[in-house]
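Undergrad: Listed below, chain by chain, are the residues.
There are 2 protein chains.
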Amino acid sequence: MMVFQKQKKRGKFSIVSQSGTMTSHLFFDPDNLDIGLGKAISVGNEANIDIVDFLEYFKHDNETEIIGLYIEEIKRGKRFIELAHEITPKKPIIAIYSGGSEAGNRAIKSHTGSMAGNSKIFDAMVKETGIIQTNYIEEFLDLAVILSKIKGIYPKGNRIGIITNSGGPGAMLAKNAEIKGLKVPEFSKSLQKKLKTLLAPTASYKNPIDCTFDMNLNNFYVSFPKILMRSGEVDVIIIYGTIGFHYFLSRYQNDEKISPYIEFRNEALERIGLDDLDKFFIVPTIKASQRFGIPVIYINPQNFMSPWSKKIRENGGIVFKLWDRPINCMAKICKYAEYRKEHL
Amino acid sequence: MMVFQKQKKRGKFSIVSQSGTMTSHLFFDPDNLDIGLGKAISVGNEANIDIVDFLEYFKHDNETEIIGLYIEEIKRGKRFIELAHEITPKKPIIAIYSGGSEAGNRAIKSHTGSMAGNSKIFDAMVKETGIIQTNYIEEFLDLAVILSKIKGIYPKGNRIGIITNSGGPGAMLAKNAEIKGLKVPEFSKSLQKKLKTLLAPTASYKNPIDCTFDMNLNNFYVSFPKILMRSGEVDVIIIYGTIGFHYFLSRYQNDEKISPYIEFRNEALERIGLDDLDKFFIVPTIKASQRFGIPVIYINPQNFMSPWSKKIRENGGIVFKLWDRPINCMAKICKYAEYRKEHL
Numbered sequence: 221m222m223v224f225q226k227q228k229k230r231g232k233f234s235i236v237s238q239s240g241t242m243t244s245h246l247f248f249d250p251d252n253l254d255i256g257l258g259k260a261i262s263v264g265n266e267a268n269i270d271i272v273d274f275l276e277y278f279k280h281d282n283e284t285e286i287i288g289l290y291i292e293e294i295k296r297g298k299r300f301i302e303l304a305h306e307i308t309p310k311k312p313i314i315a316i317y318s319g320g321s322e323a324g325n326r327a328i329k330s331h332t333g334s335m336a337g338n339s340k341i342f343d344a345m346v347k348e349t350g351i352i353q354t355n356y357i358e359e360f361l362d363l364a365v366i367l368s369k370i371k372g373i374y375p376k377g378n379r380i381g382i383i384t385n386s387g388g389p390g391a392m393l394a395k396n397a398e399i400k401g402l403k404v405p406e407f408s409k410s411l412q413k414k415l416k417t418l419l420a421p422t423a424s425y426k427n428p429i430d431c432t433f434d435m436n437l438n439n440f441y442v443s444f445p446k447i448l449m450r451s452g453e454v455d456v457i458i459i460y461g462t463i464g465f466h467y468f469l470s471r472y473q474n475d476e477k478i479s480p481y482i483e484f485r486n487e488a489l490e491r492i493g494l495d496d497l498d499k500f501f502i503v504p505t506i507k508a509s510q511r512f513g514i515p516v517i518y519i520n521p522q523n524f525m526s527p528w529s530k531k532i533r534e535n536g537g538i539v540f541k542l543w544d545r546p547i548n549c550m551a552k553i554c555k556y557a558e559y560r561k562e563h564l
Numbered sequence: 221m222m223v224f225q226k227q228k229k230r231g232k233f234s235i236v237s238q239s240g241t242m243t244s245h246l247f248f249d250p251d252n253l254d255i256g257l258g259k260a261i262s263v264g265n266e267a268n269i270d271i272v273d274f275l276e277y278f279k280h281d282n283e284t285e286i287i288g289l290y291i292e293e294i295k296r297g298k299r300f301i302e303l304a305h306e307i308t309p310k311k312p313i314i315a316i317y318s319g320g321s322e323a324g325n326r327a328i329k330s331h332t333g334s335m336a337g338n339s340k341i342f343d344a345m346v347k348e349t350g351i352i353q354t355n356y357i358e359e360f361l362d363l364a365v366i367l368s369k370i371k372g373i374y375p376k377g378n379r380i381g382i383i384t385n386s387g388g389p390g391a392m393l394a395k396n397a398e399i400k401g402l403k404v405p406e407f408s409k410s411l412q413k414k415l416k417t418l419l420a421p422t423a424s425y426k427n428p429i430d431c432t433f434d435m436n437l438n439n440f441y442v443s444f445p446k447i448l449m450r451s452g453e454v455d456v457i458i459i460y461g462t463i464g465f466h467y468f469l470s471r472y473q474n475d476e477k478i479s480p481y482i483e484f485r486n487e488a489l490e491r492i493g494l495d496d497l498d499k500f501f502i503v504p505t506i507k508a509s510q511r512f513g514i515p516v517i518y519i520n521p522q523n524f525m526s527p528w529s530k531k532i533r534e535n536g537g538i539v540f541k542l543w544d545r546p547i548n549c550m551a552k553i554c555k556y557a558e559y560r561k562e563h564l
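Chains L and P are the protein sequences, given in the same order.
So the number in the working numbering is just where the residue sits in the first sequence, counting from 1, plus 220.
So the number in the working numbering is just where the residue sits in the second sequence, counting from 1, plus 220.
Among the hints, erroneous ones may be present.
Which copy? The list can't say, so a pair holds if one copy fits it or any two copies do.
[Stated by the list, open to error] Below, simulated DSS-like cross-link-like pairs (lysine-lysine); rule was C-alpha separation at most 27 Å, straight line:
no.	residue 1	residue 2
1	K340	K400
2	K329	K409
3	K400	K555
4	K310	K376
5	K347	K400
6	K329	K414
7	K530	K228
8	K446	K329
9	K295	K426
Worth flagging that the hints you see were computed from the coordinates, not collected in a lab.
Computed from a predicted model, the values in this text were never measured in an experiment.
Make a model of the complete structure from these sequences and hints.
TA: Structure, rendered in structure tokens:
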């Protein structure tokens, strides 16, 4: 049994796992993850203590709000199901199960000596108990990040509002959301009318909102998200193109052709200064997100550790480098939110 | 039209795209990508020049070995299909198509004014012409990385050999590979026998090879991959747990309990020195990989920019932080390799 604690700030995501890697290796690089890890317990081959014991413990643990499981075999199936039923309406459980395939079962037998089993039975059990299941380690971590950062704000439905400054990502995002069972509703005529007055003539406003490279940062970061939140027409907002000013400004502020344009559209930038930009562009939106109960996801294709991504993350924002993974997660979280609403 | 050149070393992956983002935003952070970008061309709404023109150009371009496409609409369908037929047996084409869903088509209409279309027709065309298709931007980039780095070494089949120092990732990896249609064959009795003599008693040797935390680095990095290559029983090798020595050694070399163990198993480490370790553990394996025509993928859960990941990458190795994405890509690359073999 190993308790892992190396990170800047302890969080409320706790793991119990039949593999030590899931509680250690994955967290070698906590700076590049936004997971606040709480407790991470490797039960190995469960010689004397098992996953069910820790589900019982996490159920009552005030320091645990989200539970992650890596499962090769569940020894006490009945009690596991009972506990999962009790826990999931209050605390989400994310589970990876590596049994159920031929080579997977062979590996498991060598690893923990478990008999593994049938993935159809596992899948049915997961569905019935509201567990969020994934086969993918990266998705397991992504789900933990998003669930940690939304802080109990679960989407009320599965309608996605897309704000983008580039048409291609908007189109790909919309398609992927639909493939994953989310809705990207066309906005109502009145909402479209309101958006149109604020956008450049080349922009679009039906959903996705494609601002094009308009550079009206206040619209992009604050007004549009807030308008969507107030509209009641979306349950989750995803913003593509939240690219760092630090890069642009240092590059362009001395460029005679470009700098007047930037200043004209965003006189505020000059006045505020780079280090305080997040107070104007990020904090109000995240506060509104909490007030309206509508999660917001930021996509910045720059490095996760780039200055602007760090600013957004430090303010509690959810940041991904690309859009597919958070969309996949949101589809699962929306389903879980529905289950939660029904069973709370 | 924009040609993008900001990176340390120009490569042979060229893009033609109906979205500028696919040729610019995505490459803000070239240090964190192993893509050698060649030419990146945004044709926008194709007012005067289209994707087909550039397929024609890339077909004959000696500086282009892999082609990436972002497609909202193909205006000259017949010629596109002819060209794809001619190109794919020689140069792989990776394509994302954002049409075919309701919101996707709405977004496209606003973006390039294209009519988009039906994804079933597109999917059928892709299959017939040997294009590698993906809906996911991250997979598009991952495919480009892997295809760039294997340098024309295409797997001869779809049998995966797994080497790991942790049981959980081995089991998850095996399951995912099977889900994606790859094979994780149980090794022949004679191969198992050979491996068994080299492994710790707690290890397993059926596929996955789970070395456990044995720390015999020469076996893990060199001997086992080479034994698998020689066996003729696998077409691709994936190695989980290629974690940096830099981290461990600096931490443990002064620890009286641990350091004698490390020295005992790996006296070589002391002799060689950290900066030359790759010459012993990485270079021979990558050379063998080219000789045997068997791609090797390294998984290091540490940051992509961590010293050891950088060492592997600089020697031409393919490095991912987690295993799902390269497995998904390998499934597609194995299918492409089969098509290529039939049509070359």
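Undergrad: Decide, hint by hint, whether the structure agrees.
TA: Hint by hint, here is what the structure shows:
For the identical chains of this complex, K340 and K400 are neighbours both inside a copy (21 Å) and across copies (17 Å), given an alpha-carbon limit of 27 Å. In this homomeric assembly, K329 and K409 come within 27 Å of each other (Cα to Cα) only across copies, at 18 Å, whereas the closest approach inside a single copy is 59 Å. In this assembly of identical chains, K400 and K555 lie within 27 Å of each other by CA distance both inside one copy and across copies; the values are 11 Å within and 24 Å between. Proximity of K310 to K376 under the C-alpha cut-off of 27 Å is restricted to the intra-copy arrangement: shortest distance 16 Å within a copy versus 50 Å between copies.
Both within a single protomer and between protomers do K347 and K400 lie at most 27 Å apart by alpha-carbon distance, with minima of 17 Å and 22 Å respectively. For a Cα distance limit of 27 Å, the shortest separation of K329 from K414 across copies, 20 Å, qualifies, whereas the shortest one inside one copy, 61 Å, does not. Taking the shortest alpha-carbon separations for K530 and K228, both the intra-copy value of 14 Å and the inter-copy value of 25 Å come in at or below 27 Å. Taking the shortest alpha-carbon separations for K446 and K329, only the inter-copy value of 26 Å comes in at or below 27 Å, while the best intra-copy value is 53 Å.
For the homomeric pair K295 and K426, the shortest alpha-carbon distance between copies (25 Å) is at most 27 Å, but the shortest distance inside one copy (52 Å) is not.
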